[in-house]
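Student: Residues per chain, in single letters:
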Amino acid sequence: MAGQGLERREVLRILAIAAAASGYPGFQRWSFACDHESGGPVQVKGRTYTPGFFSAAEYATVERLAELIIPSDSSPGAREAGVSEFIDFMVGSDPAVQYRFRYGLTWLDAHAGRLFGASFAKLQPAQQTDLLNHLAYRSQHRAGEEEGQAFFKLMREHTLMGFYTTRIGLEQLGYPGLTSFYAELPGCPHPADPEHLHLPAPKG
Amino acid sequence: MPGKTYDVIVIGTGAGGGMAIKTLCEAGLTICALNSGRRLEPSKDFRNHRQPYDMTYRGFGDPRKRDRFYHIENEYSDGVWEHGITYTTAPGTSWEWPRCHAVGGKTNFWGRSAARMGDIDFKTATLDGGYDVDWPVSYDEIAPFYSRVERLIGVASTVQKRPSNPDGEYLPPMKLRCLDHILERGCSKVGIPYLPDRLAQLTVPHEGHPPCHYCGNCTEGCDTGSFFSTPWMLLPLAEKTGKLELRTNAVVKAILADESGHATGVAYVDRETKQEIEVRGRAVVLAASCVESARILLNSKSRRWPNGLANSSGQAGRNLCDHLYGTTGYGYLPQLLGQPSFPDNVSASQIVWMPRWQNLKSPREEKFIRGYSIYPTGGCGEFPWYHDQIEGFGAELKRDIKRYYRTPVSFYCQIPSLPSPTNYVEIDPEVKDIYGIPVARVHFQWGPNELLMWEHAKQATTDAIKASGGEVWGVGKEPYTPGWSLHETGTLRMGNDPKQFVTNAFGQTHDVSNLFVCDASVFLGCTDKTTTLSILAFALRSSEHLVQRLRNGAL
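Protein sequences, first through last, are from chains S and R.
Residues in the first sequence are numbered consecutively from 35, following this note's numbering.
Residues in the second sequence are numbered consecutively from 49, following this note's numbering.
Note that these hints are calculated values from the structure, not bench results.
One should not assume that every hint holds.
[Claimed, not checked] Listed below are the simulated EDC-like cross-link pairs for lysine to aspartate or glutamate, each with C-alpha atoms no more than 20 Å apart in a straight line: (1) R:K113 x R:D93; (2) S:K187 x R:D167; (3) R:K113 x S:D128; (4) R:K223 x S:E205; (5) S:K237 x S:E205; (6) R:K415 x R:D176; (7) R:K450 x S:D128; (8) R:K450 x S:E101; (9) R:K349 x R:E474; (10) S:K187 x R:D436; (11) R:K237 x S:E229; (12) R:K291 x R:D93; (13) S:K237 x S:D107.
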């Protein structure tokens, strides 16, 4: 439906908003992940993102963590949505969490070294998952890893903030506000079942 | 240099000022309206149709401004709330005072709940055995004004025949969502009413205004003018008369009065030039909002009025009341797990209410006097805030966040504080704002009656969620900071005794006959209802009284 011209104009408009509003380098994937009119996310190839706040090594860990938290499986994940770019931007804008991120990333590498003899980013995926399991699930918490648990919570929060505010993330939820303008409010489609005890089983 | 003398100077353009301006202009009077901020530009200032990814900080706002923002303020509304003019609080008082000084004031962004008050509110002192005093107006006297306001602005609801809530004249209600049907069933099992709210929001075209398009972002301003606000619905009618001169960025310093006790005009500071300007009028309407109106009177000192203009009673600033707001509880409805998404977030998810059900059979059936209401919200929102209820990471987390998207529900209470001698506004003896005007100092604490209601509301919410087949995630730890509701009342209360009250039943000050107050400062206190509809009804009645008095030459 949307012609090429419109798509292009839309993409340019969004790029302009991001660029003008932020005055911040990068954002290529994030901006394109925000494309309004096309059916799905537009993947961008090209120059690599240069982090504005994190060091290259820190950024690689952030990127990997975001990917583990919201993976790309049958649907796009943190990587396609440019979540690590958002985190770099947001942490760079937020003095209140900068130390906590730096400290947490340092803790994570030291911890990975103690357990597996390498920094987090260099571990095997199964080792990374194992390490995070103990930080993420209360039933698997271990004494002495409280700082790591707190950092994981912070990192997870920023990942979800970054993911569910992109078009990719909102489409996965089916956020109605992306498209909805109604002439009349649609009411509950199950008027015969006010307690909603007999709804059809969810799909997927 | 005294220029033109206007018939009436109106201070403020919110609900009360807007209604006064419209009524007075349509009566053929010349009006100078003073507003302390700028006009908003809907295309620039209303960002309600932007998606999170259109915003620099994805709608979370610049973290460096986090401590400065009011709770109601976010990246979508950045730049429209007042931060230039400060206020202070007494030791022990926490008070958050969000003010919108733009033309139209808080009506640009308000919650739209528009219930009538009734005799259960106006005669509350008699009913509950003598705490404080009754209002000087009965429901029969104000009811016709409510009707006229409802016809003018359009309020969507149903006839509910509740003892605590007089019914009005309504547009068709918003349709209930799945979560409403489930909660309604549950609430009925525990004796709590669950009904369509009274929403000053158009469900059909009305008086030339288009109906709501259900985008769900009302509190960021409406670009189609489909809910009541002064700039969309009242000022155009006033401007059509050719009688209105609206001066923006006019920060009022004082109301001027002569030795004989008549108001003669208003002195204000122009925000841009910082110059002080005087404007003359035959009468003055004060509608700057509760705390600000009290501040203006208390700052209007002269030899004749050493304690502030029209304040021979010493009551100006006293009896500040507010709604205690707080999240009483939240949880989810497992019936809706995994169901496809639905536009639950229409009207900022606020289309129903649980109107006061306490102390109705007898005024003393609970441990507290009077009563409160609850507003439920829930369903598919813009951001899955419930994520912190789901632990873990990876594909499972991603799947669960989607599975729970339809299910969360959250409730917040609207609890009236009782008038109290220890809750009041005064002028800070030392601090001045950037225009050299002494600022307001607020004294405020929640009292025991409010806190008993808060405990009651948490229990009621928990019961309602459970009775609906839901699971409780949590209950409110503590109420929000006072001031949060933006429903301040009191400070210039109305009553028949000039020794106890600042104004009479028409908002006319007892001391200065050509000075009227047309905002919630004249109310005796908060009720379980919101204030805007009542501000409009009382301002209409007071404005018509003023017109009559001017015509009779009684002023």
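Student: Hint by hint, note whether the structure agrees.
Tutor: Outcome of the hint check:
no., hint, result
1, R:K113 x R:D93, "holds, 18 Å"
2, S:K187 x R:D167, "violated, 52 Å"
3, R:K113 x S:D128, "holds, 10 Å"
4, R:K223 x S:E205, "violated, 25 Å"
5, S:K237 x S:E205, "holds, 16 Å"
6, R:K415 x R:D176, "holds, 12 Å"
7, R:K450 x S:D128, "violated, 28 Å"
8, R:K450 x S:E101, "holds, 17 Å"
9, R:K349 x R:E474, "holds, 13 Å"
10, S:K187 x R:D436, "holds, 9 Å"
11, R:K237 x S:E229, "holds, 12 Å"
12, R:K291 x R:D93, "violated, 27 Å"
13, S:K237 x S:D107, "holds, 17 Å"
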